[in-house]
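> Take the position in the sequence shown, starting the count at 1, then add 32; the result is the number in the numbering used here.
Think about it this way: if two alpha-carbon atoms lie no more than 25 angstroms apart in a straight line, the pair counts; the simulated SDA-like pairs of lysine to any residue are: (1) K53 / F43; (2) K229 / H164; (3) K229 / I133; (4) K106 / D221; (5) K106 / R90; (6) K182 / P170; (7) K229 / P268; (8) K53 / E134.
None of these hints come from the bench; they were simulated from the model.
The model shown is predicted, which means the values in this text are computed figures rather than measured ones.
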Amino acid sequence: MRDTSLENSIFVRTLGQGTRKVLALHCTIAHSGAWSGLASALNGEATLTAPDMPSHGRSPDWDGRGDLFDLVTKLSATQLTEPMDLIGHSFGGMIALRLAIEFPHLVRSAVLIEPVFFAIAVRDEPELIRRHQDESQPVTDAFASGDMEKAARLFNRMWGAQDGPRWPDLPERTRAGMVRGIHVVPAVDDALFQDSKGLLNAGVLDCASMPVLILCGSESHPIMPVIGDGLAQRLPHAETRVVPGAGHMLPITHPQQTAAAVQNFWNSFS
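Build the full structure now, drawing on both the sequences and the hints.
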């Protein structure tokens with residue numbers, strides 16, 4: 033019998049009251065409330081269903097057992113109760129991509145905001161992935177030493193400090209939430225860097241035949257446009273757009289510009 037205890041205890045937030053039904057999947061060490069700005073900027077066009085991942089927000093902690101990528105995909109899929117549009121950011125973008133592949137009949141479109149599919153860069157720009165791994169070595173070392181607070185601080189510096197507050201300026205509650213969730217990062221390394229789920233195997237991405245928009249910030253790490261362009265080339269109906277002046281956290285720091293790109297995309301096929 034399937035254990036539904038975690039499934040039933042995942043916190044799900046509803047944002048907006050528009051007719052377009054959207055499943056919104058947040059990034060690592062954030063939570064569902066991160067979509068509040070974007071939901072407001074969509075000006076009543078959409079209703080966002082936004083779950084908190086395990087070990088994030090108001091959802092219970094992941095116990096470390098099993099495969100986290102599989103678990104979050106499964107939990108997110110329970111929210112696909114009807115055909116919906118997807119929006120996913122960073123690791124949430126990877127979950128959205130996998131849902132589009134595995135449940136195409138329930139996905140009208142997908143917006144992938146800086147999806148962290150590093151395995152594409154491994155294939156397309158190996159020198160750039162080596163540079164990224166060198167830059168992220170301090171985070172890796174913090175994990176190896178068991179210093180979760182240091183890992184969270186350095187991870188946030190890598191991905192959030194371009195256009196967001198630095199660690200000392202964050203509220204204590206926010207820092208605590210990041211430390212709580214940071215242990216999920218190495219748990220999905222094989223899926224993100226080595227494509228352990230085989231998403232790049234021949235024919236797999238063809239299943240995601242719906243319209244796909246891949247968004248990137250102009251000021252983000254140079255590995256992100258490589259991933260975005262490489263993924264767009266491999267998907268049947270995908271396009272890329274850039275949000276000027278934004279870094280990796282663009283749906284939070286630039287909600288108006290992000291909303292405009294999303295609405296233009298929706299209008300292109302609706």
